[in-house]
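Number of protein chains: 4
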Amino acid sequence: MPHEQYQACIDACTRCAQACRHCAASCLQEHDVQKMTDCIRLDLDCAGICELSVAYMSRGSEHSRQLCTLCAQICEGCAEECARHQAQHCQQCAQACRDCAQACRQMAA
Amino acid sequence: MPHEQYQACIDACTRCAQACRHCAASCLQEHDVQKMTDCIRLDLDCAGICELSVAYMSRGSEHSRQLCTLCAQICEGCAEECARHQAQHCQQCAQACRDCAQACRQMAA
Amino acid sequence: MPHEQYQACIDACTRCAQACRHCAASCLQEHDVQKMTDCIRLDLDCAGICELSVAYMSRGSEHSRQLCTLCAQICEGCAEECARHQAQHCQQCAQACRDCAQACRQMAA
Amino acid sequence: MPHEQYQACIDACTRCAQACRHCAASCLQEHDVQKMTDCIRLDLDCAGICELSVAYMSRGSEHSRQLCTLCAQICEGCAEECARHQAQHCQQCAQACRDCAQACRQMAA
Chain A
1 MPHEQYQACI DACTRCAQAC RHCAASCLQE HDVQKMTDCI RLDLDCAGIC ELSVAYMSRG
61 SEHSRQLCTL CAQICEGCAE ECARHQAQHC QQCAQACRDC AQACRQMAA
Chain B
1 MPHEQYQACI DACTRCAQAC RHCAASCLQE HDVQKMTDCI RLDLDCAGIC ELSVAYMSRG
61 SEHSRQLCTL CAQICEGCAE ECARHQAQHC QQCAQACRDC AQACRQMAA
Chain C
1 MPHEQYQACI DACTRCAQAC RHCAASCLQE HDVQKMTDCI RLDLDCAGIC ELSVAYMSRG
61 SEHSRQLCTL CAQICEGCAE ECARHQAQHC QQCAQACRDC AQACRQMAA
Chain D
1 MPHEQYQACI DACTRCAQAC RHCAASCLQE HDVQKMTDCI RLDLDCAGIC ELSVAYMSRG
61 SEHSRQLCTL CAQICEGCAE ECARHQAQHC QQCAQACRDC AQACRQMAA
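From first to last, the protein sequence lines stand for chains A, B, C and D.
Taking full-length UniProt numbering, the leading residue of the first sequence gets 1, the next gets one more, and so forth.
Taking full-length UniProt numbering, the leading residue of the second sequence gets 1, the next gets one more, and so forth.
Taking full-length UniProt numbering, the leading residue of the third sequence gets 1, the next gets one more, and so forth.
Taking full-length UniProt numbering, the leading residue of the fourth sequence gets 1, the next gets one more, and so forth.
Warning: the hint list may mix true and false statements.
No distinction is drawn between identical chains; accordingly, a pair holds when it is met within one copy or between any pair of copies.
What the hints assert, rightly or not - Under the rule of at most 20 Å between Cα atoms (straight-line distance), these lysine to any residue pairs were calculated in the SDA-like manner: (1) K35 / A83; (2) K35 / G60; (3) K35 / E81; (4) K35 / E62; (5) K35 / E80; (6) K35 / Q92; (7) K35 / Q88.
No lab work stands behind these hints, which were simulated from the structure alone.
Isolated chain A (complex conformation) (with noise of 0.2 Å):
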């Protein structure tokens, strides 16, 4: 059943969007937001990628792959800004981020 046959996909990806947008938060609230746009920017992005590739393998669709595919790209661009600034909630976007990459490219495997 392609649910189930996902979950794991599906978890990394509903872990980083939550990261993303709780860490696009926390960057709003940073004294120096300045340096924080680019970041934000991106997690933006990969927030809503990692929504919609939920969206799709709950679905069990036939675009999950081709989509997540994308999103591992996505994601990796926003590990590496996440990467480069000290905040916890940055490195732990980082974090969630590179593990979604990899979740997703195992599963468009």
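The hints should help you fit chains B, C and D onto chain A, whose structure is shown.
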């Protein structure tokens, strides 16, 4: 921190959205789709507002309580319809909707 | 037919969601991002509920009125914040939010 | 400015998402739902990626081209299925999907 304070409700909404997406897709594969159309319709409404509630709470949005109050109502309507059907995906979805409604009401209280 | 009956409100919500997404991204490019953070936060809430309202109305959902009632409130809060800023994207977003709030209130009446 | 540069594609994706949401809901009200299930499934995939594409382009996201390339493929699959059905909502949806695919390909070029 809003994100953590909301975590139980985020988790319930996440599970409910996935259950609704899966239930809608599974209803479309039922032998007698005709009698599942109300269930599919309500699943789509419920999944959408649960996903938005997760996004709001993950950001620690000031509107989370208002949105979760409405989310609880929509979950209850979906639970009622799903509970009428014997299929496992409907019964599981009904339970996820009831759990989510309760978590949303507690969060909004 | 619900889709056509709701078309004016669908159009207003569509314009508002785009204006909010654009305003949030433009705020991130402002010289003084620090003073735009409330605007960005409210833009994200507003865009999300406008998009969900469009999805509900496009399906002719029975929950459209309830969702649009809440959408109107969130649009009004966003309009108030955006109106405080002189940037063109903020002024345009404030107007789109006011128009959307009005369309949502008329639809829900 | 990205938002304006993308406007034709934003508009095509917006119309396509609405047509798909409406088509899915109308398919559920057809006398013979059983033969519309592929159409409903593809409508849901297509609406979701069109909505995300609008969000990306409205923010002027650097990932807009990649997402629109995939969006075009999913639109073409949905157009092909919708075109098989005589119902007006399917024929209109097929046209909206073809227009959107073309706009996405031009944008991504």
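Structure-based check of each hint:
| no. | hint | verdict |
| --- | --- | --- |
| 1 | K35 / A83 | within (13 Å within a copy, 26 Å between copies) |
| 2 | K35 / G60 | between (39 Å within a copy, 19 Å between copies) |
| 3 | K35 / E81 | within (11 Å within a copy, 23 Å between copies) |
| 4 | K35 / E62 | between (40 Å within a copy, 18 Å between copies) |
| 5 | K35 / E80 | within (15 Å within a copy, 27 Å between copies) |
| 6 | K35 / Q92 | within (18 Å within a copy, 26 Å between copies) |
| 7 | K35 / Q88 | within (15 Å within a copy, 23 Å between copies) |
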